[in-house]
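I would like the entire structure built from these sequences, with the hints used as guidance.
Taken in sequence, the protein lines are chains A and B. Note that our numbering has the first sequence beginning at 1, numbered continuously upward. Note that our numbering has the second sequence beginning at 331, numbered continuously upward.
Simulated from the structure, these hints should not be mistaken for laboratory data. There may be inaccurate statements among the hints.
Straight-line Cα separation of at most 27 Å, DSS-like style, residue types lysine-lysine; simulated pairs [said to hold, decoys possible]:
1) Lys566/B x Lys635/B
2) Lys509/B x Lys653/B
3) Lys179/A x Lys428/B
4) Lys369/B x Lys86/A
5) Lys39/A x Lys369/B
6) Lys369/B x Lys416/B
7) Lys416/B x Lys86/A
8) Lys509/B x Lys98/A
9) Lys428/B x Lys323/A
10) Lys236/A x Lys283/A
11) Lys98/A x Lys428/B
12) Lys179/A x Lys253/A
13) Lys98/A x Lys653/B
14) Lys583/B x Lys653/B
15) Lys613/B x Lys416/B
16) Lys566/B x Lys653/B
17) Lys416/B x Lys39/A
18) Lys583/B x Lys509/B
19) Lys253/A x Lys323/A
Remember, predicted model here, so these are calculated numbers, not experimental data.
Number of protein chains: 2
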Amino acid sequence: MSSDEDKLSGEDRLIARFFQPIATHPGALGLSDDAAFIKPPPGCDLVLKTDAIIGGVHFFADDAAQSVARKALRVNLSDLAAKGAKPLGFLLSLALPKEIGDDWLAGFAEGLRGDAVLYGCPLFGGDTDRTPGPITVSIAMFGSVPEGTMVRRAGAQAGDRVFVSGTIGDAALGLVLRKGAPWTLSDAQRQHLLSRYLLPQPRNALAEAVRAHASAAMDVSDGLAGDFAKLCRASKVAAEIEVARVPLSEAAKAVLAAEPAMLETALTGGDDFEIVCTVPAGKAASFRAAAQAAKVAVTEIGEIKAGEGARFVGAAGQALIFKRASFSHF
Amino acid sequence: MSSDEDKLSGEDRLIARFFQPIATHPGALGLSDDAAFIKPPPGCDLVLKTDAIIGGVHFFADDAAQSVARKALRVNLSDLAAKGAKPLGFLLSLALPKEIGDDWLAGFAEGLRGDAVLYGCPLFGGDTDRTPGPITVSIAMFGSVPEGTMVRRAGAQAGDRVFVSGTIGDAALGLVLRKGAPWTLSDAQRQHLLSRYLLPQPRNALAEAVRAHASAAMDVSDGLAGDFAKLCRASKVAAEIEVARVPLSEAAKAVLAAEPAMLETALTGGDDFEIVCTVPAGKAASFRAAAQAAKVAVTEIGEIKAGEGARFVGAAGQALIFKRASFSHF
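Below is the structure:
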């Protein structure tokens, strides 16, 4: 510890040691001021999002500190991606129980720094507090889009194709697996499902393709069925989704083969952090090409219709009814 | 509850009922999307700040929900004021224990709305979660300043006058009083000290005067002695503060008359949410006039010197040594 650090209070010492290296933007002033400033890119709107994760609620108390940091950032990055926005940076509000020490903080800062570099989103400022409760990590994320082009939930039109990125259900099944589900899976399949719950893979590489093509979009964080129903409600449209076309990983397919009832968990369980979007039929080919160029898999799963309500249709043409379409803590 | 609300999940219902009325900016999209957008004022920098308050740490569990909401906003508004920035809006991340119901939320939303209107800072988006811990309210606040004019901690020069707004020590003494200090005070004096702890009065009315005149500024949130020492460190200057000139309320004076040792609490205890700033001598008269026009009391308490270290000097010319110059949770 330098003699300069000796003069600092506990919180200032934490900031200097762990968080300053992530505050690479000049407007963050090395976290040495009370606020940061940023000049938004000319001709752009600023896109704003906040989401928190809480120990015992959104992650397990024994998850590695690196994973906690990355999950906290990525659940917010996923929203920016779905809105077609480019990350600019973030604010961090961190509440820590007394027993959290420098080792945990070093790991947390390492995870944060890795993702700040990977996604181009430096730290602009933060706040650390002690809490008698669990670890609580609240992120406010800032991004930019050319003026007036943020992709919204509202905007889908009858005839638009419905696309989803990546694969659906892995994280929800990974959570069930972590809680002890007795499925017979290969090591690789177990690892795949567990890691998809532990560490979201937000589709920021797809953001520009979404912005250039999608009539509406949102990230899938509370289950595909419920989230897509919200998009249809906001757009005042209906939709028909063919469940057989919903992209599943090999691991998820293995689970569903053994326990078909897990289909509902896969479609409604949440934590996917994929993007569901609607694309006008005439732009679908171009969207596919842009996604391929961005190296993000996208799959067409259905079509927007006039009317109201998102129907999920099974292989025999029957509409699936879910007990609970969407995950909610309330 | 409308039939539309029937379709909503618990969190969506909360948002629609309590928080939508505060999201008056068109870019907040009525909180019906995953993110908000804002077009920053032309020629301006965006100023960013986050601060959280936690039940049992920053406020009492039995504080009124309205006060909790206002305190959460005001601790952030105070930073914007000290940086010379005009509020634009905020993001809210709210973690609530299971026992918190609609009554509390209604009060909280009412407090939030009142201050959003009073300070011109609408809600842009939010996140609500259940927590096994205490109520945790994290705010990310953004404001604007003409490009390149955010007032920093660094910038004070030898010869600058040191000003502080309002009165110092009330909140820290109010906290001691609330914990049961046996001081003999009038009802009005008790009320004054208690309310200054319960509900900060950030000096946003002074922001433009600070921006136009101050060479350096910060808000006083962790105690005047420690916070001002940080300003001097960032500015690489020394200072001499005359303790006898530090503005005190009648109530604080009554406490110090009865218990002189409380002077240290007043100067180091925190939660003042006043502004301390340095103003070049040639601008001091103009700053006083601007503050008067803004109806915010400001008091000159000392002068910046060449060197290092902020000295607080007593009536007899002796330097005061504080056990702990600044409040820290770490």
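Broken hints, by number:
Those not satisfied: there are none.
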